[in-house]
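**Q** Listed below, chain by chain, are the residues.
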Amino acid sequence: MALKASSLKVGDTYSECLVEDLKRTQIVQYAGASGDYNPLHSDEVFTTKVAGYPSVFAHGMLTMGMTGRMLTNYVGDGRLTKYGVRFTNQVWPGDTLQGTATVEEVSGGIVKLKVETTNQDGVTVLSGYAEARVD
Amino acid sequence: MAVERFPVEASHILMFARSVGDANQIYYDAEYARKTEPGTIIAPPTFVQSSAQFDPDYFLRPKIGQPWFGSGKEPTGIKRESSGGGGGGGGGGLHAEQHFEYHRHLKPGDVLSATVKPGKTWEKESKRAGKLVFSESVTEYRDQNGELVITARSVGVRTERPVESK
Chain W
1 MALKASSLKV GDTYSECLVE DLKRTQIVQY AGASGDYNPL HSDEVFTTKV AGYPSVFAHG
61 MLTMGMTGRM LTNYVGDGRL TKYGVRFTNQ VWPGDTLQGT ATVEEVSGGI VKLKVETTNQ
121 DGVTVLSGYA EARVD
Chain Z
136 MAVERFPVEA SHILMFARSV GDANQIYYDA EYARKTEPGT IIAPPTFVQS SAQFDPDYFL
196 RPKIGQPWFG SGKEPTGIKR ESSGGGGGGG GGGLHAEQHF EYHRHLKPGD VLSATVKPGK
256 TWEKESKRAG KLVFSESVTE YRDQNGELVI TARSVGVRTE RPVESK
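Residue numbers (the numbering used here), protein chains in the order written: chain W, 1 to 135; chain Z, 136 to 301.
Please note that the accuracy of each hint is not assured.
[Said to hold, decoys possible] Below, simulated DSS-like cross-link-like pairs (lysine-lysine); rule was C-alpha separation at most 27 Å, straight line: (1) W/K114 with W/K82; (2) W/K4 with Z/K242; (3) Z/K242 with Z/K170; (4) W/K49 with Z/K208; (5) W/K114 with W/K9; (6) Z/K301 with W/K49; (7) Z/K252 with W/K82; (8) W/K114 with Z/K301; (9) W/K82 with Z/K262; (10) Z/K301 with Z/K259; (11) W/K114 with W/K4; (12) Z/K242 with Z/K252; (13) W/K23 with W/K112; (14) W/K112 with W/K9; (15) W/K49 with W/K23; (16) W/K112 with W/K82; (17) Z/K266 with Z/K301; (18) Z/K255 with Z/K266; (19) Z/K255 with Z/K242; (20) Z/K208 with W/K23; (21) Z/K262 with Z/K301; (22) Z/K252 with Z/K198; (23) W/K82 with Z/K255; (24) W/K49 with W/K112; (25) W/K82 with Z/K242; (26) Z/K170 with W/K4; (27) Z/K266 with Z/K252; (28) W/K49 with Z/K252; (29) Z/K266 with W/K49; (30) W/K23 with Z/K301; (31) Z/K259 with W/K114; (32) W/K112 with Z/K208; (33) Z/K255 with W/K114; (34) W/K9 with W/K82; (35) W/K49 with Z/K170.
Note that these hints are calculated values from the structure, not bench results. On a predicted model such as this, the values are computed, not experimentally measured, just so you know.
Input sequences plus hints: build the corresponding full structure.
**A** Written out as structure tokens, the structure is:
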């Protein structure tokens, strides 16, 4: 499962579709599991009439969680040592997301990755980095 | 978020993994997990954020007997005042950044505590949302033995008006 340093090259990429046509119910599911019940993510009336957004939108942490799934599928279970992101655009119900990790450096048993998640329009919704132990 | 006691439980890990669409057996099947490198069920990398469930004062969870700012009969359950109603994203602002450093991965049976240190605050002008006020916090999660297991750095942002989409 884990990556081998000897078979990694700078510029290698790994990519996965994180979600197709994101459902409001998955956002609710994430709210329940994470404990973040901010109405911006599930309460259309509040979000449109009070907060002024066109609809509810996903927790940044849901996008980070789904992107994390792509990372652990790539680097193996229990191998991540660092993972950090900026949320650069909102993710809306109906969005389809693609997550990509790009090898930036391999040294000392650690791979450094650039991480990016984009939506169906090619807009970056999350950008960040990760580091993982490799064999 | 400051938390005195966050028991890491298998059913919570399973529910969390489902919510991020992760079908990896290591998050729910102890038999399978035994044969993997970690040798046990572990938690997905962003699971620790659900420590919110164990923060008694977490303000983004409705609490028994207290007003809630989401909609009921009216679009919001509280009177507009301090938040100014619009822009800010409704009470809590928005999440701008999140960073985790894993000293080890969590497993069922761990009992964590978390302490929070405020970090820097800064401002920025943006075309899409007006004035942005960023604030940073660093949360240290320790296990039942007092060992540091995860360091988390979070940046929140309050916006002057709702963010325009690209």
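**Q** What hints, given by number in increasing order, does this structure fail?
**A** 9, 13, 19, 24, 28, 32, 35
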